[in-house]
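Participant: In order, the protein sequence lines correspond to chains A and B.
Mapping of the first sequence onto this note's numbering: residues 1 to 176, in sequence order.
Mapping of the second sequence onto this note's numbering: residues 1 to 337, in sequence order.
FYI, nobody ran anything at the bench for these hints, they're computed from the structure.
The structure displayed is predicted, hence computed values, not measured ones.
A couple of the hints might just be wrong.
[Claimed, not checked] Subject to a maximum C-alpha distance of 20 Å in a straight line, what follows is the list of computed EDC-like cross-link-like pairs (lysine to aspartate or glutamate):
| id | chain 1 | residue 1 | chain 2 | residue 2 |
| --- | --- | --- | --- | --- |
| 1 | A | K27 | B | D309 |
| 2 | A | K112 | A | E132 |
| 3 | A | K48 | B | E28 |
| 4 | A | K166 | A | D59 |
Residues per chain, in single letters:
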Amino acid sequence: MAETQNKIDYSKTKPIIHRKDLRWWNKAYIPQILRGMTVTIAQIFRPKFTRQYPEEKWDPPASFRGRPVLVEEKNGVERCVACGLCARVCPALAIEVQGSESEYWKERYPVKFEINMLRCIYCGFCEEVCPEEAIVMSQDFELTFTRQQDAIFGKDKLLIPAEKLKERLEFLRANR
Amino acid sequence: MELLVTVIKIAAVLGIMLGAVAYIVLAERRIAAAIQNRIGPNRVGWQGLLQPFADVLKLVMKEDIVPKKANKFIHDLAPVVSISVALTAFAVVPFGDHINLWGYDVRLQIANVNVGILYILALTSLGVYGVTLSGWSSNNKYSLLGGMRSSAQMISYEISMGLSLIGVIMVTGSLQLDQIVRAQEGWKWNILLQPVGFITFFVASFAETNRLPFDLPEAEPELVGGYHTEYSGLKFGLFYLTEYAGLLTSSAIITTLYLGGWQVPFIHNFGLSDFWIAIIQVLGFCVKVLGLVLFYIVIRWTIPRFRYDQLMNLGWKVMLPLAIVNLFATGVVMLLL
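Same shape as in the complex, but just chain B:
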């Protein structure tokens, strides 16, 4: 029974995630168009709502081209690594409290791993392997440059990311994501307790998801297409999917760690039944994640790309000291209180 419930949860989360990713792509295109005073895709279906499916169909029909001197096995492996990492990171994110469905008490989280934060850190740093391997195996200098940049960028930002996470762990006293959410009850959200840590983590997650202003591995104007220059068809589609699944996952992780996860303030004051409270909490989680995704999208069309040295300067000279100072300050305050 336990296993069946878990499988159903996995299927539901995966399905919702892939659907959401499809519509995030559409939302990005429409918002980008609106910001540039255009209309954007509005032909396929009502207001372009079927556009993602048309895109997927196009990508499936396309020819899969592998460069002649490419390492075929790794060239095939890289997108699979990318997408599996982007999707599995969601497994530990709690998207709601317990819910009682037909007599069964269902925990709204796929896997309640007791080292959830370490799991997330491990998986997000695995994500760079997909990018680096694809860059290396394509036998193309632009791809290789993109892959190299990605690994350098990832190392620089992983450290400030990890250090700002330690602040969260110190405040909440647990590595378990479920416990972290429970510790942020009411308005005790970590964004209020750890504002500097939130900023460093947020900036680092931009670098982790390869989004503008830190999309140096792609960098269309200078590197053609970066690491996915030599990819076409469904394999390119997987990279595209990875980018947006990563966006969704990192939004969910930020929500869990800093924005109170599924906590909705003052929900218990209205005297609702437990079932409806759980539903509203799940919806609250979705709204928070969606808000962050929209923030990511608007940021992308606001800030131009950083130069490589600026990126490194920001990572090592600003973000790392900030994270350490934040850690130190958190420790001092906790000692005094």
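If we strip away everything but chain A, and leave its shape as in the complex, we get:
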């Protein structure tokens, strides 16, 4: 009994289709095809969207997460105190930090700071977790390597002067 109640008689239901009331000249294809062609030909003269990439570079906004870099202060010392939080939080295990003591008032500095750019997923967690604002995401997105060893960036490639990263640092302050 229950089975017969649940069954729907599809022969009695009609799908609701809203059709436009077309005249014969709408259905005659050819006038409509010619109208369509005017549309496509008009498109030819509209401005193009293509960016001619290697010649025309894109300027990313401050919110863009490019490759992570270390901030270098004006006196040439990095902000990083080698706490290792970035290495701890990195989901791709791309960061390796080895800290040591220094004579400077910050007392600690990274002896070795390496980011494997083949592992980095540009999530920005390291930047978020950093207590010193020492590691930030830059606007650099052009990364190509021909060897795997080249992809491991040491301190020489990671340290960028703070004034070059001003835009990003201000963005971080404003949106923290």
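Dock chain B against chain A, hints included.
Facilitator: For chain B alone, kept in the frame of chain A given last:
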């Protein structure tokens, strides 16, 4: 001497055709890009003019893969059938009147066959064998579906194509393409005498060349690549070449049958020498063919693909009755005049 002239004509036409095909491919890509607000290939050479050669080089270098359980002989044969049919159909198309070169009277047509229209009909229907054989021999269900669709489509449109051609034959009174062109002197083009026949023939030739909106044998979204899914390298290149050579040939045939061939109206009023008249007529033929090719390309990027049942409905319920009515009307008018 006759033979030598013919061989030279064949070489010249074939060379010009292949070059033109290469640049039609580029034109299609650039126009498609422009319609989609892109730029298109513009890196190889000035404005991408060397792109076709780069493409050919890439295709030649590619590995030729044949599926394991494919019928190897027919798999190899199919693209050859396709390309030879697409290229040989051009043989009967007159691309100009006589021209006097260094004392020799050269007829600007490779073969003046007296049943030219039948030759064209026979060859265009042979073209479907390439598609069907490739679909069948690939041992792939998508290829097979593409091949099957192609043959069904070809049968449906061949009939309206042939019937609309009969209208042209009735008006001009000849099967010979040369005579058909001569009968369309001045403004007596067949497109003005046979407008309905022109439309049916034009639509049918879209189906014959497997171009959108009738490219069901390929149908990328539903059939992967249709009949040439399992083709790679140079054999795929041959199919690609076939598509565009077919486009060029069918444009040339439409020009010959309906747009007055090499006839340029009022050319004799300017008092030019015979040599320059012949040159201008050849150029006029080229301009007409080029215009049709561009029309084909714009149509491709305007209209979406027909569904299979819509295609069949259009072929049998619209195109065939239209062609028959056109034939009947032509007969009645000719009887009364």
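Participant: Hints first: check each against the structure and report whether it holds.
Facilitator: Evaluated hints:
1. Using a Cα cut-off of 20 Å, the hinted pair K27/A and D309/B holds, with the two alpha carbons roughly 16 Å apart.
2. Distance hint between K112/A and E132/A is fulfilled; the C-alpha atoms sit about 17 Å from each other, no more than 20 Å.
3. With a CA separation close to 17 Å, the supplied pair K48/A and E28/B stays within the 20 Å bound.
4. Distance restraint check for K166/A and D59/A: the Cα-Cα separation of roughly 15 Å lies within the 20 Å cut-off, and the hinted pair is therefore satisfied.
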